[in-house]
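Start from chain A and add chains B, C and D according to the hints.
4 protein chains.
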Amino acid sequence: MSNPSARIAVAYHSGFGHTARQAEAVAAGAAAVPGAVAELVPLDELTDEVWERLGAADAIIFGAPTYMGSPSAVFKAFAEASVKVWAADLGWRDKIAAGFTNSKAMSGDKLNSLVDMAVFAAQHGMIWVGLDVYPGWAESTASIEDLNRLGSWLGAMAQSDADLSAEKAPPETDLRTAAALGARVATVTLRHQRGSLAA
Amino acid sequence: MSNPSARIAVAYHSGFGHTARQAEAVAAGAAAVPGAVAELVPLDELTDEVWERLGAADAIIFGAPTYMGSPSAVFKAFAEASVKVWAADLGWRDKIAAGFTNSKAMSGDKLNSLVDMAVFAAQHGMIWVGLDVYPGWAESTASIEDLNRLGSWLGAMAQSDADLSAEKAPPETDLRTAAALGARVATVTLRHQRGSLAA
Amino acid sequence: MSNPSARIAVAYHSGFGHTARQAEAVAAGAAAVPGAVAELVPLDELTDEVWERLGAADAIIFGAPTYMGSPSAVFKAFAEASVKVWAADLGWRDKIAAGFTNSKAMSGDKLNSLVDMAVFAAQHGMIWVGLDVYPGWAESTASIEDLNRLGSWLGAMAQSDADLSAEKAPPETDLRTAAALGARVATVTLRHQRGSLAA
Amino acid sequence: MSNPSARIAVAYHSGFGHTARQAEAVAAGAAAVPGAVAELVPLDELTDEVWERLGAADAIIFGAPTYMGSPSAVFKAFAEASVKVWAADLGWRDKIAAGFTNSKAMSGDKLNSLVDMAVFAAQHGMIWVGLDVYPGWAESTASIEDLNRLGSWLGAMAQSDADLSAEKAPPETDLRTAAALGARVATVTLRHQRGSLAA
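Chains as they are written, first to last, in this note's numbering: chain A, 1 to 199; chain B, 1 to 199; chain C, 1 to 199; chain D, 1 to 199.
Rather than coming from a laboratory, the hints here were simulated on the basis of the structure. Each hint should be verified, as a subset may be incorrect.
Treat identical chains as interchangeable: a pair holds within one or across any two.
Derived lysine to any residue pairs resembling SDA-like cross-links, with alpha carbons at most 20 Å apart [claimed, not checked]:
1. Lys84 to Tyr134
2. Lys84 to Gly35
3. Lys84 to Trp51
4. Lys84 to Gly136
5. Lys84 to Asp161
6. Lys168 to Pro4
7. Lys168 to Tyr134
8. Lys84 to Glu139
9. Lys168 to Glu24
Here chain A stands alone, though its shape is the one from the complex (with noise of 0.2 Å):
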């Protein structure tokens, strides 16, 4: 049997950059999988190439800034015009699905957004994937530079505080949490892939 390979699309929206650079690390993570290969594919203008290559992906992870309390109206407008792949035979039906969001805030009503990205995937037919890290800065002796430091299962959170531009924030911590993500939906999707080419 020939090795598969795994086609990570990272779908995302970003106000003023920091969610774009939670985007690069979770794509990096992904890419960094022998078999898989990841792209970057910004959901603000909905063109028909982002919809070619987000259905000739085999995962698909979301990832949109939490703004008063949900992901961002650019994103929920890409969400919105998905339902024409949904509408034929659900589309994305069976792809691998998963989520990150950043915000301001340590909690911030983040959580909210993955499950609305998780509850949207559903609908899609697709399968969701989270982050299977322990929560770091739990302890008294754990360190703000943890994998997973906000705590987050469903997705991948950060934090970027209000007055950072994109190029000091969210923290690395942050983006190495967003490479795990990545690097967890890729080995799931290969996995996945290899078990269809057996089938």
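Below, chains B, C and D without anything else, positioned relative to chain A:
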């Protein structure tokens, strides 16, 4: 002490008219409570007048169709733009808030939309009022005509058959449920206003 | 390569028997997929055998009635006790997970129970599979007999009239929907298992 | 018109004492508002007295640790048992409600617990009050000492390092945030009570 009045704004988006009918029922239910006035505030265009009317309201009832698992993109664009109200010392602080949503399925992730709205209202420092009505249509002798036939409490739900125009859906039962939410919000808002006057 | 098998555990609590019937339908749906075996694991008593059977499973489908807006206390006690599995290097990591719930109302906050289960499974590092079935009973020509008549994708919902015993509720339509969830989980798990063997 | 009083009950469960400290801070914050009295109602044993005290309260603030993604099983057993209050014509209808939770991670699915509590309170016909405090600790010049350092509005969050006893965690900053929730609930409840008296 003079009698207070309560000004109830129904801030809504409707894609095909079904949610607009639900909005009208909410407003009618509110307006039927002595001392309350209700107004419809469509969110399709976010003019200065929209923000002025919402700022002047004592209660805001949010409404949107559920599309792909969460409130419509038009609603989300409104929620996001409201950050300017949020940034001005929580301009909507202590207003009463509530929510409603329509979609074609019976359950259909509508609860996720209501949670999105409640989380959004909490960021604004608003006070959330739901539906204090037992579930209808939940016994073998019950009827689709029961109030709250879908069983929702965080807000009001309506269901519109996908092939019916807004003249025919949602059914009367869901419009009566919407009116019950409007009436409750008006009643609670009046109590709240009386309490503020008496302070 | 030899054919893999998939062991599907249906870990459930039932208060009055309705959710047990749903659990049986989920298990039957899973067992009907060639290569899959399914077993019912009631959670009323958390014996060593319960943990052994769940530990040996390739997929765990969680089920509980929705009581007062979330999964039953018996289910929650199980979820809480599973911390010992979680603490042992994420003992359920990479298992497939899914969920189902029953209550008397059509919508009835059942989605909140499914979100609770998905969030719980994500903490365990499990991979979440939902229902890839269009909403039924959502057009004027549609029928209560439609698959997925309540419109749920994160997991399977059933509705049981409050005055009917478990012999008479939930209706067949919801049991067929439960079976569809079981079948999908078995299919995805087999693919996942094949992929692991091929690695 | 005589001055009203507001009776605030803090109905909580604590596993290891950390949430109990948070509960005490909530109660102290409420009691510091002129006209309000606050009482702690532990939920470990659901005696008749528990139900009587909650029935006599004007507001109930719910609290529990977040275990495996949702409120503790002891809290859930309480929520489930409250069905008898629900069944008696919504015995808690129009009471003010709020919620708080503690866990070891910064975000840590605590929002899911607060959503569970808000959904639960909505079933009871209660009116939900959150935290009207901007997010702290969200700029490069900000401090862990900021009020609402975790950024939560649906209710109050606390974070306790896993290796610290309840004497040392949660930190003072989270206890001040808890007190702010208690104070806000007391203030809103007094307004609500004045409004009822004036009717």
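Now the hints, each set against the structure:
1. Lys84 to Tyr134: between (38 Å within a copy, 14 Å between copies)
2. Lys84 to Gly35: neither (30 Å within a copy, 34 Å between copies)
3. Lys84 to Trp51: For Lys84 and Trp51, the Cα distance is within 20 Å only inside one copy (10 Å; across copies 33 Å).
4. Lys84 to Gly136: For Lys84 and Gly136, the Cα distance is within 20 Å only across copies (18 Å; inside one copy 40 Å).
5. Lys84 to Asp161: This pair counts as between: shortest inter-copy Cα distance 19 Å, intra-copy 37 Å.
6. Lys168 to Pro4: neither (37 Å within a copy, 48 Å between copies)
7. Lys168 to Tyr134: neither (25 Å within a copy, 23 Å between copies)
8. Lys84 to Glu139: between (47 Å within a copy, 19 Å between copies)
9. Lys168 to Glu24: within (14 Å within a copy, 39 Å between copies)
Checked against the numbered hints listed earlier, the structure breaks hints 2, 6, 7; every other hint is satisfied.
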